[in-house]
Structure formats: C-alpha cells, structure tokens
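Colleague: These are the residues of each chain, in order.
Protein chains: 2
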Amino acid sequence: MSLIVVGSMAFDQIETPFGKSDRIVGGAATYIAWSASHFVTPVRQVSVVGGDFPQSELDALAARGVDLDGVQVMKDRKSFFWSGRYHMDMNSRDTLETQLNVLGDFNPVVPDSYQDSEFLMLGNLAPAVQLSVIRQLRRKPKLTVLDTMNFWMESAMPDLEKVLREVDVLLINDSEARQLSAQYSLVRAAREILKMGPRYLVIKKGEHGALLFHENHVFVAPALPLEDVFDPTGAGDTFAGGFIGFIARSRNTSFENMKSAVIVGSAMASFCVEKFGTLRMQELDRAEVDSRIRQFIDLVNFDIDLLG
Amino acid sequence: MSLIVVGSMAFDQIETPFGKSDRIVGGAATYIAWSASHFVTPVRQVSVVGGDFPQSELDALAARGVDLDGVQVMKDRKSFFWSGRYHMDMNSRDTLETQLNVLGDFNPVVPDSYQDSEFLMLGNLAPAVQLSVIRQLRRKPKLTVLDTMNFWMESAMPDLEKVLREVDVLLINDSEARQLSAQYSLVRAAREILKMGPRYLVIKKGEHGALLFHENHVFVAPALPLEDVFDPTGAGDTFAGGFIGFIARSRNTSFENMKSAVIVGSAMASFCVEKFGTLRMQELDRAEVDSRIRQFIDLVNFDIDLLG
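The listed protein sequences correspond, in order, to chains A and B. Going by our numbering, the first residue of the first sequence is number 1, and it counts up by one from there. Going by our numbering, the first residue of the second sequence is number 1001, and it counts up by one from there.
Don't read these hints as lab results, they were simulated from the structure. Possibly wrong hints are sitting among the right ones.
What the hints assert, rightly or not - With the C-beta cut set under 10 Å, the calculated list includes, among others, these residues of chain A facing chain B:
(1) Met-153
(2) Arg-188
(3) Val-264
Cβ atoms here follow ideal geometry from the backbone N, Cα and C, with glycine treated the same way.
With the hints as extra help, turn the sequences into a complete structure.
Modeller: Structure follows, in structure tokens:
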C-alpha cells in the first residue's frame, strides 16, 4: 500500500460561464493526492513549487498523510500558473495564460525513502520528467499509470512514445485518444493505443462517463448526472487519484478490480466539480465517499430477464 | 400484449462521411415495428404510404407479425421522403430535402380491431396527428410513449404541449431536451420536462448512451462502443421499438422494468446503425438479440467492495 504520485502543484485561475475564481491552488499532483489519500496513505508526492506556494496547503496535505519529501521548494521562484476559460459545455476550454516558472526546468528527484513503493501514478507533466521518475525507480512498480494531454502529443511525441512503452495504464480524454491514434472511432482508437505500450486504457468522456479497454474487453462507467458543474478543473486528476488509490489499497491489478477503480475514480471526480479548486476534496469525508459510490451502483444497476 | 405504433413509413436517402445510400425504405413507424416485433406481436401499425411504397416491404412486415389494417395506402400519391447528410460525429445531421407528400394531410384512423390495445407508441409525427390517435382510443392504454423532435418544438409547440399532458413516457435526445426545457444541465432539463406531463423521461445521447428520469431517480444506460457506425438513421426509432416492445411483452410498467427496457432499446439501436436503413433489423434473429443484451450486462457490470 505505497503509492508515488508525480505531477504539478500549482496555481490556477478559472473562468466559467457561471463564475470566476481568484488565483487558487491546483495542479495535477495536488488533486491526485487529495483524492488518493481517501484510499491509501502515505501518498508519496514528487513535485516542485515556488516560494509563493502556501505553507498551509502543504500542511493540509501532510495532515492527510501525503509525504512531501519529494516536493522541491524553490524559495526564490514562482509556482507554475495556468489560467483558462471554460465554454458552455464545461468540457472544452481555452488556455488564457501559462507561466511555467519552476516547472520549466523541473528535475524530479525520487527520495530513497520512496524506493519500496508498489504503485506509481504519473500525473500530467512533460513526458521527459515522467520518464526520469520511471528510470530512478530501482524496482518496477506493480502498476504504473500515466496521464498526459494533447499538448505533449504536439510538442514532445518522441518522449511520450518512450513513456507509453513503460506504463501499464494510460488515462486520457476522448479527444486526446482520437489525436493520439488518428482514429475517430474510440474502439479503433483504443486498439491502436493498446499497441503503443499500455495494457489498459481509460478514456475519460467528462459528463458522458469513462471507458476502460483491455485486450478485447470494454467496460463503460457512467458519470453522475449533475444539476450543476461548478468547476471541472482537476476532475481528470481527481479521477486518476481515486483510480490508483483504490487499486493501491486493494493491491489488486486485475481487469475486474480495475472496473471498480474506474467507478471509484468517477465518484471522486463527481465531487471535485462541485466547488472551485480543491475545496470540495478537502472537506470530503469517508461516509460521503461511500455514499457516492453507492449512488453509482444504483445508477447503472438493472436486473433483466431475457425472454424465453 | 397488444401494441399500437403510430408514425411515418417513408423513403430516406442518406449521406454519411463514409457512404451514400439509394432511396431506401425508412420512417419512424417502420423502424419501431421491426424492432418491437422481436418482443411482441401483433404490432398494430397506424401510418400512411403512397402507391410508390414497395408491397414487398409491407409483406415483410406482415410476415413479422405487423398488423397493417391501420396503414392507409394512397395509390395515386407519393410516400414521405427525407434526405440528409451526417457530420463526422455521426450524431448531428443536416436535412437536405423533405417532401411531405401523403404525410402533409395525414388523418390517422384507428381501426376498431385495435381498440383493445394496452400499449401505445407515438413515433415522431405532427403532434396534432399523435393527439388524434390518443383521442380515438376509447380505453386509455396502460402506457403511452411519445417520441418527438425539435422541428415540432419550433412549429407546433401548443399542440406538442397538449400531447405531453397525455403521455406517460417521453423519448427525446439531449439537444431536444435542452431546447424543450430551456435548461443546459440535463438534470435540470429533466426536472422541467417532468412537470409538462410525462412521468418518465428518456434522454437519448447517441454514442454516449441514454438517461432515464423518474421523480428523483435517474438510471444511466451505456451505448455499446462500436468500431463503426454505418448509418445512425432510425436508431432512435429502433430504440423506441425495443423499449416499448419489451414493456408490452412483460406488461410491467414499473421503474425497475423500465430500466431494463432502456437497455433493450439500446441493444436494438446498436444493431440498427450497423447497416443502411432497416437491413440489419430485417435479418436479425432472437439469438443475436439475446447475445447483444448479454453484452450490455457485461459492459456495465462491476462488483465493488466498499472498503471498511
């Protein structure tokens, strides 16, 4: 039950058709850690922040059981910053501004104390950085999960191809799957992507749920139909955290268990969008998580009599 | 186990990014009848065709157990004709041409022999025509299901509002649900629509599956991830046919059974898109139907242990 999480810890500023946030704490590894910590601790974080990153946020993560030994703090520099504006569908978005800051030359160092970890979650980051973490581990994890995005397909495809060959599970969204495979049909896209390295592929479709592909098998997970989506930022990372957290806790990497992990990821993501930033993730308790997972069971449960 | 189906029987001409059909037989009631006849017979058809409608097609339906007493044949006139072109997503489409022909002044007559029917499926047609059929029935059906589309929301909303007050279940797609309710969130849209008359609402989302709403309950049905969608025309009608056919056969109008009916409708629709027109529906046998429904069970089935 030991999990390494790699990714950004950063600031976001978000506009939606319904509101606008201040500069708030975000970043892939932040969301993943909050989400995974509901299932497994310690979460061993590998990231980099500037001197502007609030100590209170680091303390809150530490209190949740997140090990910050692998988080570099560059006192005289600034944290990664992203701002974006969501469209009406709350799924597509435009980037308004990106300041790489400390992430521009991030050289991750995996602490010795992390070396016995069984599970590795590579959050969205430059593929070269993800690869560096894989290479630093002396023992191959039981399961390595990768998140990435279209930006890296366009700017660092050779590195991304190398990382893909080293991972077990790839998590991407539908438009990224289409871009990576050059196939419109997601079934065809999955077949192509499963040739690139990963044995499992999760395609996230936002409000339309998620698909899990493995060999010739496919599993469809619903999204919870929500009255309001307040802020989708971090939903994919929160999904990833629930997914790997559940697997790390159960230490079961079978396809059957991965289906459950997709449901757990979807349940965690459904919380994330209810408030701006990590707010909802921070206040969440175990009873709410269990009750939401039960809602997902009810959502898809049916009992059909095949007619004679 | 008696079902009345009302709707068009017509010609379509279809273009997709992958091919183009000749002028082929289509129409809402044609697809509904083919699909429903796998579950219940007789299917009692109410429609109108011109002298150009192939006798062989009528014979094929009759051989499937479709009662054509309520189908008016206007020998000297032409059948309804629609042609359209699908976009790359195979979900949105442009109408290229519509010739109302016999449908322009269709005055449906429900034969006396249909009067004992327990179930009524109102396929997409002018709301005034749908209302006329409802008014002709001397006994209220156990369940009345309505399909409609955005065209009638724009051109015949007062009539549509009247029909909505008379039906139990409304089947529409996601963009139509948004238009009818003036709500973007489908959960909010469902709440508004359930105030307009129907006690059940099915929102069809094409490749993203379907949602069933009733009071405060929601059920999510997956779509089968397909390698290729050849022709989506009639998929919604085929869904409707499987849905009402399954309910009519089981004579069970509970919410629990309606969930199964949504799965059956989704399974039938997944066949429809595999070939142009009704071809796939005509060659389908019972074993294939059962096996496809089993695929849907596997698609969403998971067994989760809530962690202590």
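Colleague: If a hint holds in the structure, say so; if it does not, say that too.
Modeller: To see whether the hints hold, each was checked on the structure:
1. Met-153: With a minimum Cβ separation of about 20 Å from chain B (threshold 10 Å), the hint on A:Met-153 is violated.
2. Arg-188: holds, 6 Å
3. Val-264: holds, 7 Å
The structure is inconsistent with hint 1 alone, although it conforms to all the rest.
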